[in-house]
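Work the whole structure out from these sequences, hints included.
Residue numbers (the UniProt record's numbering), protein chains in the order written: chain A, 1 to 338; chain B, 1 to 338; chain C, 1 to 338; chain D, 1 to 338.
Because the hints were derived from the structure by calculation, they are not lab data.
In this text, all values refer to a predicted model and were calculated from it rather than measured experimentally.
Note that CB positions come from ideal geometry on N, CA and C, so glycine has one too.
Hints are not guaranteed to be accurate.
[Said to hold, decoys possible] Per the computed footprint, the stretches of chain C lying under chain B, defined by three or more beta-carbons under 8 angstroms from a beta-carbon of chain B, are:
#1 142–148
#2 218–226
#3 240–247
[Unchecked claim] Ranges of calculated distance between the beta carbons of each label pair, as one might list FRET restraints:
#4 A:Pro71 / C:Pro24: 23 to 29 angstroms
#5 B:Met1 / D:Gln137: 42 to 48 angstroms
#6 A:Ala110 / D:Glu204: 45 to 51 angstroms
#7 B:Met1 / D:Pro71: 32 to 38 angstroms
#8 B:Ala279 / D:Ala100: 44 to 50 angstroms
#9 B:Arg318 / C:Ser157: 38 to 44 angstroms
4 protein chains.
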Amino acid sequence: MVRIAVIGAGRIGTVHAATVARHPDAELVLVHDPVGNAAEQLAAVHGARATHDIDAVYEADDVDAVIVGSPTPVHVEQVVGAVRAGKAVLCEKPVDLDLARVDECVVAIAGHEDRVMVGFNRRFDPTFAEVHARVRQGEIGPVEQLTIVSRDPAPPSPEYVRTSGGLFRDMTIHDLDMARYFLGEIVEVSAVGQRLDPAFAHLEDVDGAVTTLVAASGAVATIINSRHCASGYDQRLEAFGPLGALEAVNPGATSVRHSSATRTGASGPYLGFFLERYAAAYSAELGHFVDAVRTGRAPSPTIEDGRAALVLADAATRSAATGERVRLPTTATTRSHP
Amino acid sequence: MVRIAVIGAGRIGTVHAATVARHPDAELVLVHDPVGNAAEQLAAVHGARATHDIDAVYEADDVDAVIVGSPTPVHVEQVVGAVRAGKAVLCEKPVDLDLARVDECVVAIAGHEDRVMVGFNRRFDPTFAEVHARVRQGEIGPVEQLTIVSRDPAPPSPEYVRTSGGLFRDMTIHDLDMARYFLGEIVEVSAVGQRLDPAFAHLEDVDGAVTTLVAASGAVATIINSRHCASGYDQRLEAFGPLGALEAVNPGATSVRHSSATRTGASGPYLGFFLERYAAAYSAELGHFVDAVRTGRAPSPTIEDGRAALVLADAATRSAATGERVRLPTTATTRSHP
Amino acid sequence: MVRIAVIGAGRIGTVHAATVARHPDAELVLVHDPVGNAAEQLAAVHGARATHDIDAVYEADDVDAVIVGSPTPVHVEQVVGAVRAGKAVLCEKPVDLDLARVDECVVAIAGHEDRVMVGFNRRFDPTFAEVHARVRQGEIGPVEQLTIVSRDPAPPSPEYVRTSGGLFRDMTIHDLDMARYFLGEIVEVSAVGQRLDPAFAHLEDVDGAVTTLVAASGAVATIINSRHCASGYDQRLEAFGPLGALEAVNPGATSVRHSSATRTGASGPYLGFFLERYAAAYSAELGHFVDAVRTGRAPSPTIEDGRAALVLADAATRSAATGERVRLPTTATTRSHP
Amino acid sequence: MVRIAVIGAGRIGTVHAATVARHPDAELVLVHDPVGNAAEQLAAVHGARATHDIDAVYEADDVDAVIVGSPTPVHVEQVVGAVRAGKAVLCEKPVDLDLARVDECVVAIAGHEDRVMVGFNRRFDPTFAEVHARVRQGEIGPVEQLTIVSRDPAPPSPEYVRTSGGLFRDMTIHDLDMARYFLGEIVEVSAVGQRLDPAFAHLEDVDGAVTTLVAASGAVATIINSRHCASGYDQRLEAFGPLGALEAVNPGATSVRHSSATRTGASGPYLGFFLERYAAAYSAELGHFVDAVRTGRAPSPTIEDGRAALVLADAATRSAATGERVRLPTTATTRSHP
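Given below as structure tokens:
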């Protein structure tokens with residue numbers, strides 16, 4: 001039984017707490033949140049203890065592992081604190097919005113990298129994971145073109161946008177990780193940003209983007225993002241190779257098809273957002289983490305994967321701002337290869 | 001070049017005339033219709049001659065083959081007349097609504113059966129034909145269960161219904177032929193009729209039916225019919241065997257898919273009716289007939305296939321009326337095996 | 001918190017125990033199985049007590065409700081025993097293979113019918129349930145034709161077949177309940193059995209069937225069954241009405257599509273069998289039962305639904321054996337209307 | 001009846017000749033080809049005259065319109081020659097590989113632009129055309145993101161590649177026209193080329209590309225090209241807007257779906273290449289041209305559309321070579337707006 005503390009009792013912390021509670025080999029023992037009585041409320045649901053004191057998490061003898069689901073600015077200090085206290089860590093993405101801070105984190109946990117996992121949940125989505133596994137088995141030959149469509153159902157609040165680090169670091173980063181997961185080292189990034197929703201006119205951020213990545217292998221990945229999608233959370237991927245293609249169609253809540261006088265074969269809208277769309281992915285992600293903690297094997301994705309995705313997000317941000325393509329040093333995204 | 005006369009300048013005759021005109025190895029030379037100036041109008045479109053005199057068709061030296069697209073009651077006399085005049089014949093289904101009359105026809109053309117083809121157009125639909133060919137190649141093993149959905153877009157007029165011979169002889173007969181085409185000899189028929197549309201309350205006919213056929217092979221076919229379908233002309237088929245299944249999905253006018261706030265992946269409505277849905281089938285059917293005439297090979301389906309489908313339609317009509325299953329003599333539907 | 005005992009530690013009991021363990025408002029307190037140490041093993045997984053003594057279940061003060069997942073022959077005595085002991089009961093289908101025994105059960109629990117639920121899990125499948133809800137909302141008008149395809153992946157063992165009560169009582173009964181769920185009162189049953197797999201040549205049962213049901217409403221349901229399906233567990237349904245159709249497509253494990261030189265858009269095989277295919281249905285079924293116990297509302301489907309499905313299965317068995325259609329007395333399947 | 005001469009009896013000329021022959025309001029009267037007896041052979045199929053002398057085409061009194069399907073280097077002189085002779089012209093794409101030559105052509109036909117149509121056949125594909133029409137009707141709001149996948153089944157010969165003008169001018173030009181057709185004026189082009197097939201290692205061309213276009217409207221188009229595709233000719237498009245999305249799925253030869261032990265719902269491979277895939281488009285394109293000639297209305301796409309697509313192809317070629325994005329003068333692609 002892996003005994004787990006969840007740091008952060010917000011939206012994502014609540015997901016992780018419930019996922020831990022359902023896992024047969026994991027136990028939620030502690031919830032931390034400094035604000036109000038959020039920690040107490042979440043802990044009560046699952047019969048766990050609550051604390052406002054972050055040191056209490058590090059010092060808890062009955063905590064084997066920590067899930068960091070707090071706001072991004074405190075990720076690094078909590079990852080370092082937990083690792084130093086001998087805990088295994090699953091840290092939500094992004095590790096930090098500032099690459100220098102991530103590098104500090106990497107230095108600080110040196111020698112313990114194999115105790116830290118970064119929460120790129122999409123790698124664990126059953127449909128994406130199946131595509132990845134079949135690609136690895138050679139079913140389509142080496143991937144030549146990867147196309148990712150990733151659209152949120154509706155824009156976040158202006159407040160969220162202002163502290164998000166921008167579209168590429170906040171939203172595209174998931175897709176950038178997927179590109180690395182499928183293609184390995186990325187050597188060039190080009191991005192075009194769009195201001196689609198009038199609400200973004202007064203924000204210093206874009207709400208649409210097309211990002212093109214060139215891999216060292218010669219493969220090209222295209223990522224199409226939008227902060228809105230009338231049909232819901234649009235999450236798709238196609239890997240194309242010389243022997244064929246594998247496509248991850250966006251799954252729905254059910255498989256009902258409707259026909260009427262005006263249409264045939266209509267599915268329902270897409271799943272609402274990431275909590276619904278990636279419910280199975282969060283379970284599988286935790287399962288991987290718990291297995292790693294139990295067996296002592298290094299989990300994946302690593303903090304280097306988190307760093308590499310941020311390098312790509314920074315490059316995409318710069319490319320969109322300057323209109324230039326950004327060449328990456330060959331080791332920029334490959335210190336920890338998929 | 002096969003020189004063709006079309007008898008009947010109504011809806012189906014018009015289709016055949018245009019199909020002949022487009023065929024590179026066929027030439028429309030004569031159109032017959034006794035009513036008004038229908039023959040003249042249709043002939044003018046294609047630069048052919050017109051006549052009101054049926055004997056002129058039989059006597060025309062420049063006519064190699066005749067397509068009988070006249071009203072059902074005159075089919076038999078025209079088939080016999082044309083065959084006796086040495087013409088090859090493609091006769092629209094049904095040969096006649098009265099089995100005794102069909103039998104008279106069979107006797108009358110004895111020795112010339114291989115000059116007469118019956119127009120079960122669905123055998124020539126590219127999608128159904130591909131399923132049939134792949135079944136023959138053994139892709140799913142012997143067919144065990146065949147499911148046919150066949151729904152018209154909207155009911156015909158009461159006048160049409162009254163002289164149609166009833167749903168099973170008028171509409172289901174196509175599906176009965178398809179069942180024979182896939183399963184061979186049929187030994188038992190059971191049918192349930194439905195009165196769905198209030199317009200049929202005062203008609204001596206049903207407008208919905210489920211017909212179950214048992215084949216000598218042990219396979220079972222299910223035919224689901226309706227005289228209405230909100231989405232258009234619904235024409236589908238599934239062949240199931242021990243190694244898998246082959247399904248004929250209803251093709252649409254285009255392959256556009258629409259997604260919105262309330263649905264995703266919606267196709268347009270089905271094609272309107274048989275002229276649109278089976279346009280390619282009519283072309284392929286004529287191609288088969290023209291090839292048969294040119295090469296002297298016997299065309300298929302034969303008049304025996306036309307007779308066998310009528311035997312099944314009669315049995316289905318009786319079963320729906322009495323509530324009894326109808327066993328067929330083993331030779332009833334197999335004198336001309338698919 | 002509803003405290004639950006599971007009777008039967010076999011395949012379905014194991015499913016129910018795990019489902020209870022995951023339910024936030026239910027607690028597994030006791031597992032019963034008379035054979036070997038099956039009860040002990042299953043109980044240990046979930047930290048529950050085990051017993052070989054059925055009376056211990058009835059007498060347990062800390063048991064609010066019982067799930068009967070034992071072999072069919074002991075269902076009735078256990079339902080009655082539990083109800084008399086004041087427990088709510090969720091009984092697996094079928095209640096019994098013998099209608100007389102079911103009637104005895106109905107009499108024995110008179111006055112407590114609202115404490116007994118029968119486990120027709122398919123009503124709770126998210127896709128089927130959505131079709132049902134949308135039909136109820138009038139989206140396609142009154143259902144006129146219902147088509148159910150229900151095929152197992154592979155035949156059960158000869159031993160299982162011999163005590164199963166036959167295909168219609170063992171397998172079709174689920175589809176018969178679905179027909180009632182969608183169409184209400186059924187007035188006529190006609191069934192054709194098939195012996196498809198050579199393994200069934202020496203068994204007194206069929207392994208394929210097409211069953212046609214006429215509803216009091218005039219609607220017709222068609223059920224197509226097979227004990228084998230190369231692609232896995234094939235579970236589909238189409239409801240057709242004057243305004244359109246709602247189809248329940250068989251969901252897959254993922255939504256990957258594969259294209260290669262020989263095919264495009266290929267999904268993976270169907271889910272293996274009912275444990276995978278109906279995992280969500282079992283959870284929703286338990287959720288409904290737990291809610292009923294907590295709120296005191298009568299659960300559905302009821303024992304009368306269980307009885308009615310058996311009446312239809314008996315009729316289908318007789319129809320397949322005799323070749324006759326079976327008319328049902330108008331109250332045969334409607335004492336407890338959906 | 002529009003009397004038509006076809007210049008060029010190669011692959012595309014043969015398609016146009018057959019399309020003319022089938023059109024009820026057009027007549028093929030003359031075929032020109034300078035090489036061997038190609039003109040004679042094609043003319044004979046359709047009962048037309050043949051000539052090796054291009055002036056004979058211009059001088060023919062019984063020729064109303066000319067279809068230019070000759071090799072690209074002679075397009076301009078033939079367009080100009082035919083226009084000066086008073087003929088209407090349908091010219092295959094590209095008008096020329098050299099923009100200066102296209103400009104000369106524009107000057108030379110000044111005042112007769114409305115007599116010249118350029119053969120961007122995809123605008124007339126029924127599926128793409130339906131998406132375009134529904135976009136125009138506002139079904140998804142203004143297009144924000146357009147994604148085009150366009151992959152050939154297999155690379156052309158090295159000889160073809162060497163004189164093709166390169167991937168962007170030869171292949172992508174169709175997609176660039178589609179981008180303009182949907183988005184109007186394009187202001188920025190960025191392209192990444194790929195050398196995927198080893199056969200291209202010694203050729204001065206790429207065989208894969210991802211091209212990103214920014215429209216004046218703010219919309220972004222992404223074009224994904226490959227010279228090979230295991231599944232056949234892959235031609236798809238998705239238009240995304242604030243109210244939803246319209247997708248053009250690649251249609252197949254039939255709508256058969258196959259299920260087996262290893263897969264479900266598999267369609268056949270894509271159609272082989274453009275002759276099959278765009279058969280209906282060529283018919284509709286000719287229909288538009290014939291209507292324009294008969295009514296005197298200007299056809300579309302115009303020579304300015306042909307010029308604008310070449311401007312974009314040149315820009316994409318330069319971008320792929322230099323790694324720089326190419327900004328276009330605001331009038332570069334809009335002299336003739338869609």
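query: Any hints this thing doesn't respect? Which numbers, in order?
result: none
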